[in-house]
Each structure stands twice: as C-alpha cells, then as structure tokens.
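J.: Quick note: the sequence shown uses the numbering used here, first residue 1, plus one each step.
For the record, the hints were derived by calculation from the structure and aren't laboratory data.
Treat the hints with caution; some may be incorrect.
Within a straight-line C-alpha distance of at most 20 Å, the following computed SDA-like cross-link-like pairs (lysine to any residue) qualify [to be verified]:
| id | residue 1 | residue 2 |
| --- | --- | --- |
| 1 | K71 | V48 |
| 2 | K90 | P44 |
| 3 | K71 | I10 |
| 4 | K156 | Y134 |
| 5 | K71 | R174 |
| 6 | K71 | Y87 |
| 7 | K156 | T78 |
| 8 | K156 | R168 |
| 9 | K147 | R120 |
| 10 | K147 | F72 |
| 11 | K71 | R168 |
| 12 | K156 | L177 |
| 13 | K61 | G19 |
| 14 | K163 | Q135 |
| 15 | K71 | P44 |
| 16 | K147 | R129 |
| 17 | K163 | R174 |
| 18 | K90 | V48 |
Bear in mind the structure is a predicted one, so any value in this text is a computation, not a measurement.
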Amino acid sequence: MLNYEACDDIYLIELVQSGDQASFDALYDRYFSTVYNRVRYTIPDADVDDVTQEVFIAVMKSLSSFQGRSKFSTWLRTLVNRQVAGYYRKRERKVEEMTILDGQEFPGSGFAGDKQHTERIAIRRAIQRLPQHYQDVLLLRFVDGLKFREIAIVLKQNPEAVKSLFRRAVDTLRTQLEENYDA
1 MLNYEACDDI YLIELVQSGD QASFDALYDR YFSTVYNRVR YTIPDADVDD
51 VTQEVFIAVM KSLSSFQGRS KFSTWLRTLV NRQVAGYYRK RERKVEEMTI
101 LDGQEFPGSG FAGDKQHTER IAIRRAIQRL PQHYQDVLLL RFVDGLKFRE
151 IAIVLKQNPE AVKSLFRRAV DTLRTQLEEN YDA
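Could you build the full structure based on these sequences and the hints that come with them?
T.: Now the structure itself:
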C-alpha cells in the first residue's frame, strides 16, 4: 500500500491525473490548513468554510491541467487568490462594514463585545485595505509561515527587497490599525 504522506506533491498530482482519488485526499489533507488560514484572513468569518470548499473544488477541476511550471504551493496560492477575488466579485465588492458599538453583537460571535474577535476583525479589515503586494508579503509570512528567502522565490525578488517590502507592509498595517484605534 502506498504511503501518500511520504509522496511529494508532483507525484501525488501525477496520481490524481491518472485517476487516483486517494492521492487527491492526501493533497487536501496536506494543504487544507494553509488554504483555510489564507481564506480566513481575506474574507468574513461567515463565508470561510464555503470559500475554502470552493478552492478545493477548483483544485479538483483544474488539477488535470497542472503542468508543473511552478511549485504546486504557488499554483494553489494563485487559485486561492482567484477564488477570493471571485467571492468579492459575486458580492459586487460589497465588503461588510462592521462598526463596533457598545453591546452590539458581531456576526459569527457567540456573544457581544468579544475583544479578541473585535481585534481580529480590525486586523482583517486593515489587511484588506493594503495594496495587494503588501497583502501578499504579509500573508506569505504570517499565514503561510514562509521564510524571507522562500517568499523571495515566490515573489521572484531578492531577499533584501522582500524584507524591505515586508517592513513597509508592517509599518502601513500598523499605521492603519493606529488610525482606526484613534478614530
């Protein structure tokens, strides 16, 4: 019996392309948390599960055309970004405005005034307002857990440029959060 966990991504993809459903399940298990976390930081809580599912449906439909020109993780990240963009297109770019009022209950929260939930919403909204290249470097670092040299490969930049981009992104995020806090 094949140990799917020991197989590299390319071999699993070849198995999927030849009709082996168990190899798709192995890819799903390997990348679920990465996809889920990336989606969680880009869309409202109420829709995370649905969009994550849509990503894997898109993977299943598109995997037959994967040719290995990039790493699977890069290809998957692109697919996630497309699904998130599609989510917002479907909603006609209508981003929920969540204002925090005393005693107001937050969607997806079990109780009013949950401080941690409120902070997460503020961070998510601030990230969504950043330019795309700032969002990318922050998500690659914090959500995907990549090191700067790995981010440099994904973004096709040198590591020093990535570190500089990361610092600017963090500074801009910090400024946005401070402005929201002071407002």
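J.: Take the hints in turn and mark each one as holding or not.
T.: Here's how the hints hold up against the structure:
As the CA atoms of K71 and V48 are separated by approximately 25 Å, the hinted pair breaks the 20 Å bound. Of the supplied pair hints, the one linking K90 and P44 holds, its CA atoms being roughly 14 Å apart against a limit of 20 Å. Between K71 and I10 the CA atoms are separated by roughly 9 Å; this keeps the pair inside 20 Å, and the hint holds. The suggested pairing of K156 with Y134 holds, with an alpha-carbon distance near 15 Å, which does not exceed 20 Å.
A distance of roughly 32 Å separates the Cα atoms of K71 and R174; the hinted pair therefore is violated under the 20 Å criterion. Proposed proximity of K71 and Y87 is contradicted: the alpha carbons are some 25 Å apart, above 20 Å. Our distance criterion of 20 Å between C-alpha atoms is met by K156 and T78, whose separation comes to about 14 Å. Of the supplied pair hints, the one linking K156 and R168 holds, its CA atoms being roughly 18 Å apart against a limit of 20 Å.
Restraint check for K147 and R120: the C-alpha separation of about 23 Å exceeds 20 Å, so the hint is violated. At most 20 Å may separate the alpha-carbon atoms for a hinted pair to count; K147 and F72 meet this at roughly 17 Å. Restraint check for K71 and R168: not satisfied, since their Cα atoms lie roughly 27 Å apart, outside the 20 Å limit. Restraint check for K156 and L177: the C-alpha separation of about 29 Å exceeds 20 Å, so the hint is violated.
About 12 Å separates the Cα atoms of K61 and G19, which keeps this hinted pair within 20 Å; it holds. A hinted pair counts as satisfied when its Cα atoms are at most 20 Å apart, and K163 with Q135 qualifies at roughly 14 Å. Of the supplied pair hints, the one linking K71 and P44 is violated, its CA atoms being roughly 28 Å apart against a limit of 20 Å. Of the pairs offered as hints, the one joining K147 and R129 is violated, with about 24 Å between alpha carbons and a cut-off of 20 Å exceeded.
At most 20 Å may separate the alpha-carbon atoms for a hinted pair to count; K163 and R174 meet this at roughly 16 Å. Between K90 and V48 the CA atoms are separated by roughly 15 Å; this keeps the pair inside 20 Å, and the hint holds.
Checked against the numbered hints above, the structure violates hints 1, 5, 6, 9, 11, 12, 15, 16; every other hint is satisfied.
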